[in-house]
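Grab the two chains, each in its own frame, and use the hints to assemble them into the complex.
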Amino acid sequence: MARNPSTDPPADLLGPVQGEVSWFCCGTAWGPCSSTGKGACGTCNSGSLQHAWPNASDACWSITRPDRCGVNLSRRTCGFRHRTTSLCGGASVVTTIADCGPQTDLFCGERSCCGSTCANNRLIDLTPAAYSRIASLSTGLRPCEIATG
Amino acid sequence: MRSRRDVLKSAVLGGGAGVVAATALGSLGPEAAFATTSGPELEPGTPDPDFVEGRIRSIKDNTLFVLGSNMVFHRIRVVDGTSLWKLGPVPFDQAKPGDGLYARGVRMPDGLLAAESVWLNIVNIKGHITNIKDQTLHLDHNGKEVLCHVVAGKSVAIRSDAPPSADLSMLKVSQHVQILGAWRPDTNEVDIATVFSPH
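Read top to bottom, the protein sequences are chains A and B.
Heads up: the first sequence at position 5 corresponds to 5 in this note's numbering, and the numbers run straight through without jumps.
Heads up: the second sequence at position 176 corresponds to 176 in this note's numbering, and the numbers run straight through without jumps.
The following block holds chain B by itself, in its conformation from the complex (with noise of 0.2 Å):
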């Protein structure tokens, strides 16, 4: 049986045949991709070759051109199988020149990497809330303010072992919460995808 990471090369060496990426790999639910494939064992504490972070400086066709915050440069190709995220699952003509990302895929020979997941914009911030105002948390993250937007249909919030709930009223001032988002390129918001808090 051919390993995730040999059809997403196969999908790059021939073109993009994305369909050929999409029909093998079956469902892209992150669980089930992750528990079979997670690539070969590192050294630890190096930088992962299979990672990329940075910003979209251009997109040409399927290709994302990335400049890493290291200054390091770098080339990502998008196939079918590829799962792309901002605030949600998304089709790749979400992503745009500007956007912050994380992604894990395969590097090919020639640097590119095959893209297996992108993150674009995500960010997973800690702090206390400071005030909540209309649908926007004020969120003190390491001494700075982030506005964190509810957005309808997409914010949940967990609370422990709970499911998730669109309900985020329980939320108060002064209580220490995890937000996980998406970020707005160049401001201190950012619009939650879920909110989680202990109590």
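In isolation and in its complexed conformation, chain A is listed as follows (with noise of 0.2 Å):
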């Protein structure tokens, strides 16, 4: 179903963003992974500080759709600058854009907790060396604070 598109500023640029944070692996790699090459940006490897981003160029955006999900986040490419941090605790991890994603409208709604603690829909996926900065990568995703880093 088409929406219309939002007049209101993308919500990462008023402040952080809370949504859900989960890891993917990119660049030279074993098993399932060994097929996924080195991302949108071309640099992506699973054991450098990166992440993937929903709105790094019109191509991605067009995949990820955050937008179905009621979520408007600013475009960011190539090397810029997140920080994520980790709602189930508090660490934190500086990541730059190697990759598009995740595909936020394929997650629609999706909500993870901390006890007390929720985000709603999938904004941001870090590779395995970010996310193991901020929790256990047995956890698989996480309610998390996305802001500039």
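Do not rely on the hints blindly, as some may be mistaken.
[Claimed, not checked] Some chain B residues close to chain A (C-beta under 7 Å, calculated; not the full set):
#1 G45
#2 D48
#3 R55
#4 S58
#5 F73
#6 W85
#7 L87
#8 Y102
#9 R104
#10 I125
#11 V156
#12 S160
Please keep in mind that the hints were generated in silico from the structure rather than gathered at the bench.
We treat Cβ as the ideally placed atom computed from N, Cα and C, and that holds for glycine.
Rendered as structure tokens:
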């Protein structure tokens, strides 16, 4: 279903935004990750402090469509820094954009919680190196706060 | 108060004084550990020196010899305070040559990684369910089929913010999901730890 473009400024221009964070692999890798490649920016590696962002380009936005979940995020391109803070303990990591993702619209309305602290919608994916600085990889998905780095 | 990193270092420098590490670190619950220490700030975008990715080539005593996918060789020391994951928490003897891994710890001056956490064969993949047969989900992941096996007593599903459930019967063909699990080395098969679905 088509939605009218929002005239509101992107949420992340007004300050930190809360959402869900997961992790993904990229670059040279083993197992199902071995065919992933180096991401939209051509620099992505699982062992580097990097992330995927849903609005890294027009082509990226047309795939991820966070607006379908009611979230309007700023255009930020390869190399832009974000700080991701876990809402499950407060650890944070600063990373740079290296890929397009996550595909927010496929998980619209999803909600993750730590106790009574919750956040909705997938807004950022970290590399394993980055995610494991703020949470165990075995958690898979966590509520977080995202700000400019 | 000594940091978790200091304790890991001393555990290695002391020749693997694991009892010291385990006692001083207290609970190894992941959230507690990651809440207290995430290490020093590093330059964003660069490789993290305290992180290793690769496959185990050999194991000697309490050291994993790992070849990174980028062909860089690593030595990872496991001490009593190290947490290991392979579809769940496991003892050190579950680490096998051929296993893929991610590891985080403290890099010693001689290049050894004193491991805080080792995740064996862990994968976190997204895709569409194309078929469900017996206890296996067929997942289209980036155009390739991955067979994801339900493991009794281990696999759970999380639907949005609902509590984890061992009942995976609500999963449907064509649904988009995220599967956290353990890869079966050198196959396109994964044992499921958690299936995340929005609905």
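Results for each hint:
no. : hint : result
1   : G45  : holds, 4 Å
2   : D48  : holds, 4 Å
3   : R55  : holds, 5 Å
4   : S58  : violated, 16 Å
5   : F73  : violated, 14 Å
6   : W85  : holds, 5 Å
7   : L87  : violated, 9 Å
8   : Y102 : holds, 5 Å
9   : R104 : holds, 5 Å
10  : I125 : holds, 5 Å
11  : V156 : violated, 11 Å
12  : S160 : holds, 5 Å
In summary, the structure is inconsistent with hints 4, 5, 7 and 11 from the numbered list given earlier, while agreeing with the others.
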